[in-house]
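Fit chains A and W to the supplied structure of chain G, relying on the hints for placement.
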Amino acid sequence: MLIDVKNLSFKYSKGLPTVIDNLNFEIKEGTITVLLGLNGCGKTTLIKLLAGLLDSNEGIIEYDGVDLKKTSIKDRSKKFSYVPQKNFAGDDFFVKDYLTYGFVNSLKFYESPSKEQLIKVDEVSNELGITHLLDKKMGKISGGERQIVTIASCILQDTPIILLDEPTSALDLKNQSLVLSLLKKVANSGKTIILSTHNPNHASFLNTNVILMSDGRIIKQGSANDIINKEMLSGIYGNNICYAEELEYKEVSFK
Amino acid sequence: MKSILKTIFFTSLTLGCLGSLVGCGNKDNNEKVTVIDMDGTSITINKNPKKVACSRSTYDLLIAYGLGDKIDGVDKKVLANPWTSVFYPDSSKHYSYEYENSYELYLSRGVDLVFSPEKRITDDLREHGINAITVKLYGTPTFDNYVHSFSNLIAQIWPDENIKAKSEQWNNKLDSAVNEIKTELEKHSLPREKLFYVRGDKDKGIGYTDTKGCFAEYAYRTLGFDCMSSTLDSYANSVSAEALCEWNPDVFVMGGIYQNKHMQEIKTTEPYTTLDAVKNNRLYTIPMGLTQMEQLNALSPEFFYDQANRLYPTIFSYDISGMIKNSVKQYFGTDLTDTQVNYMLNGLSPTGGNLY
Amino acid sequence: MNKRTLIFLLASIFCFLIVFSLALIVGKYSITIPDFFKAIITNEEAYDTQRSIILNLRLPRTIVAGLTGIGLSISGLLYQEVFQNKLTSPDLLGVSSGASVGAAIAIVLGLSSIFVSVFAFLLGAITVLLTIFVAKVFKNKSSFTLILAGIIVGGFMSASLSVVKYFADPTTTLASITYWLMGSFENSTMEYVYILLPIVGLCCALLLILSWRINVVALGQEEAQTKGINYTFYKFLIIGIATLLTASCVAFSGVVSWIGLVIPHIVRLIVGRDTRRSIPLCITFGGIFMIIVDILARSFTKSEMPLSAVTGILGTVIFVIILIIRRKENAH
Chain G
207 MLIDVKNLSF KYSKGLPTVI DNLNFEIKEG TITVLLGLNG CGKTTLIKLL
257 AGLLDSNEGI IEYDGVDLKK TSIKDRSKKF SYVPQKNFAG DDFFVKDYLT
307 YGFVNSLKFY ESPSKEQLIK VDEVSNELGI THLLDKKMGK ISGGERQIVT
357 IASCILQDTP IILLDEPTSA LDLKNQSLVL SLLKKVANSG KTIILSTHNP
407 NHASFLNTNV ILMSDGRIIK QGSANDIINK EMLSGIYGNN ICYAEELEYK
457 EVSFK
Chain A
-9 MKSILKTIFF TSLTLGCLGS LVGCGNKDNN EKVTVIDMDG TSITINKNPK
41 KVACSRSTYD LLIAYGLGDK IDGVDKKVLA NPWTSVFYPD SSKHYSYEYE
91 NSYELYLSRG VDLVFSPEKR ITDDLREHGI NAITVKLYGT PTFDNYVHSF
141 SNLIAQIWPD ENIKAKSEQW NNKLDSAVNE IKTELEKHSL PREKLFYVRG
191 DKDKGIGYTD TKGCFAEYAY RTLGFDCMSS TLDSYANSVS AEALCEWNPD
241 VFVMGGIYQN KHMQEIKTTE PYTTLDAVKN NRLYTIPMGL TQMEQLNALS
291 PEFFYDQANR LYPTIFSYDI SGMIKNSVKQ YFGTDLTDTQ VNYMLNGLSP
341 TGGNLY
Chain W
6 MNKRTLIFLL ASIFCFLIVF SLALIVGKYS ITIPDFFKAI ITNEEAYDTQ
56 RSIILNLRLP RTIVAGLTGI GLSISGLLYQ EVFQNKLTSP DLLGVSSGAS
106 VGAAIAIVLG LSSIFVSVFA FLLGAITVLL TIFVAKVFKN KSSFTLILAG
156 IIVGGFMSAS LSVVKYFADP TTTLASITYW LMGSFENSTM EYVYILLPIV
206 GLCCALLLIL SWRINVVALG QEEAQTKGIN YTFYKFLIIG IATLLTASCV
256 AFSGVVSWIG LVIPHIVRLI VGRDTRRSIP LCITFGGIFM IIVDILARSF
306 TKSEMPLSAV TGILGTVIFV IILIIRRKEN AH
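Residue numbers (this note's numbering), protein chains in the order written: chain G, 207 to 461; chain A, -9 to 346; chain W, 6 to 337.
Some hints could be false.
What the hints assert, rightly or not - Subject to a maximum C-alpha distance of 27 Å in a straight line, what follows is the list of computed DSSO-like cross-link-like pairs (lysine-lysine):
#1 K333(W) - K343(G)
#2 K8(W) - K321(G)
#3 K8(W) - K342(G)
#4 K346(G) - K91(W)
#5 K307(W) - K257(A)
#6 K254(G) - K280(G)
#7 K217(G) - K426(G)
#8 K170(W) - K192(A)
#9 K212(G) - K276(G)
#10 K67(A) - K170(W)
#11 K380(G) - K346(G)
#12 K217(G) - K141(W)
#13 K41(A) - K83(A)
#14 K302(G) - K8(W)
#15 K315(A) - K83(A)
#16 K184(A) - K307(W)
#17 K141(W) - K280(G)
#18 K346(G) - K333(W)
Hints in this document: simulated from the structure, not taken from any laboratory.
Isolated chain G, as found in the complex (with noise of 0.2 Å):
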């Protein structure tokens, strides 16, 4: 097992809400798992606390049994890679610069990334087809290609799990199935992939581990047949969901 999350807990502030409440789960290497809810159920917490972005209240989160709270910001940041929901902070770095800054752990203070290491950032361009817009600014460039910029930095930081938070949240249905694909062929590389979302099409469509949750609770947990169902998602979405094919409206999604 990966990762195994055990009685985790958090709140933001003594007085305020439980965000997550006793989550148990585990993770298996080289797989995808979706945690799938509503905005507010505690997805993006449970991201962070993965992501060591937050510290648990109780609980504890293990990678290949090493209690994760004992792990330095810099060797956390060799097994986990973090794609935000939003990050309007590097609009104005070129895409070229940027995609260096994922081997900032592999550095020492003085230096910056060697020749070796620019080469595969043209090497892992080529291969994500997105080397025309290696001298373009971040800002410039779609939802759709930011993403996958920003995975492909994660790719070059070279974790063993890759987590995203929300990463189809802002995207038209073109750039959802680019990046849902692409996080596809990176799972069959090997790489590991937590990503939240809110969207069950998603889930579906990657077909993979579905953790579903409530209120900062596991509802249940398991391959997306057995999470993608209506009297599963009637109890999170409400009465009102249905299948495309129940619907009196051509639904269109992507294959």
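Relative to the frame of chain G, chains A and W by itself:
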């Protein structure tokens, strides 16, 4: 009968009241005077004010004319000057005012006239019903036409024959000093040298001077020098070291409480040490007394004589010590010792220490 | 470093040397170029005044001007990166306000100019510590909280300055305080250089070493930390360096506005946001700008113009030009 008597009574009463009102009016007109202050503003005030608040530059001349008992108070810097209590021991009775005071303070103290250093302050006081007159340290464009202004103002406000005589006497004494020196200088046809006046009332370095319109500029120009202050407009009272070197004065005169400090500084600080005036030791100081003597004051005639001595030692040798003693006795009723006069001439305190 | 950056860097170093030399030659006291060389090469008495002016007046103040320009430009850049806000200036956390109060107190107490600088430095640094303390009270670690705390503490210091000014003698110290607040290099001596040079030099050296890493810090806490940077440590290190630079420069030159805001913008227009490129160029451009400002402030009038007046006029014009250029770029 009763009604006739009633009519006569009330008519008399009415006439009597009217008469006394007219009389009051007439009395008011006799006690007022219209003066023009140094800003050219006309103001009508009561003559013979009994409680006057003085600015720094107005204190000593009022005392010199025998009006010390009319002074309620003066700027605190004057009272903090150790020479003040030496010249005029009764200064301890005077209230210590700030540079700028609230009109409520003046009202609470029953002040009926304020001599103010700035038009802004004067206007503000007048708006609140307090008689105020601007007596500036600067003339426009120069001080030439303002030398007798305050002296004449005193004689107008206190139109006493005695005071008028004192005012005329002081005016004449100053004019005599100036004319005597000028006449003597004309005989010698000396070239006009360049002079730089170091103001020295604040420790702002050698470049801190005064501008066109000040008494010092008038004085040194009258004494036959081209003073750099003549080229400085009102906002530029501090010149850079480079500008000073460019002017390259033949003579430095240093006034104020920091004059001795500046004297040492100019002899030891570059680039001033490279100037001819410093190399040739053409460095002079200005005596200190109740005021800086290069500002208009009761001892202004003595100031001219003293500077003539220092700047033209081969031509003039006035008995400054004697002159100062006589004037201080005449104006302030104080006998200064030789030692005290010597300290004055060297810009020191009454005990021979520094004034800062 | 790419070709464009290298060209601009070499050109700006060359300009810096030219401007520095110009500053030694040009001034209110006219010195011809032949006289300049005679004064510095020979020991002839005829050139004593020129030599003295060049070595004792212009040299120290030009060095101090250059160092101040470097310090304020770099610190402006650092604040803009760390707080991810291009409109921040070195006074964001209240350094200049605090330094102003310190200097004002020293002037009212009648202390000498070195103590004015010491007081300015100490109170500037204390103000930043106070800002950080106030930010902790909010129990929110975001940069916005720090900015808010800076505004609060800066406001308090401005009010304190008013109180100090109230107690200042309007005929003596008040004018001195006002003049100090507007900035001047008039009192610069080699002693100032000996103090400022190591501070600015060491800070710049450290920043050049960390220059690439600062880019990652500039991404913000989430991205920087998940990439392996101890964000809190680096944020406070960068703020500390920026504060040290600002407090030192303000202590010796008074409050000089605009340069910390404008120079980083000019540099970013040329080389983009990468701090590996922008830090070296801020050093050269900042130094050049400040020396030019000093030349303008001292060369044309008998009394020196306050630095903030010159930087304000130049800075406003340059900033408008930058905005117009940016608008055109964005339109394309």
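Checklist entry - What are the numbers of the hints that this structure violates, sorted from low to high? => result Those not satisfied: there are none.
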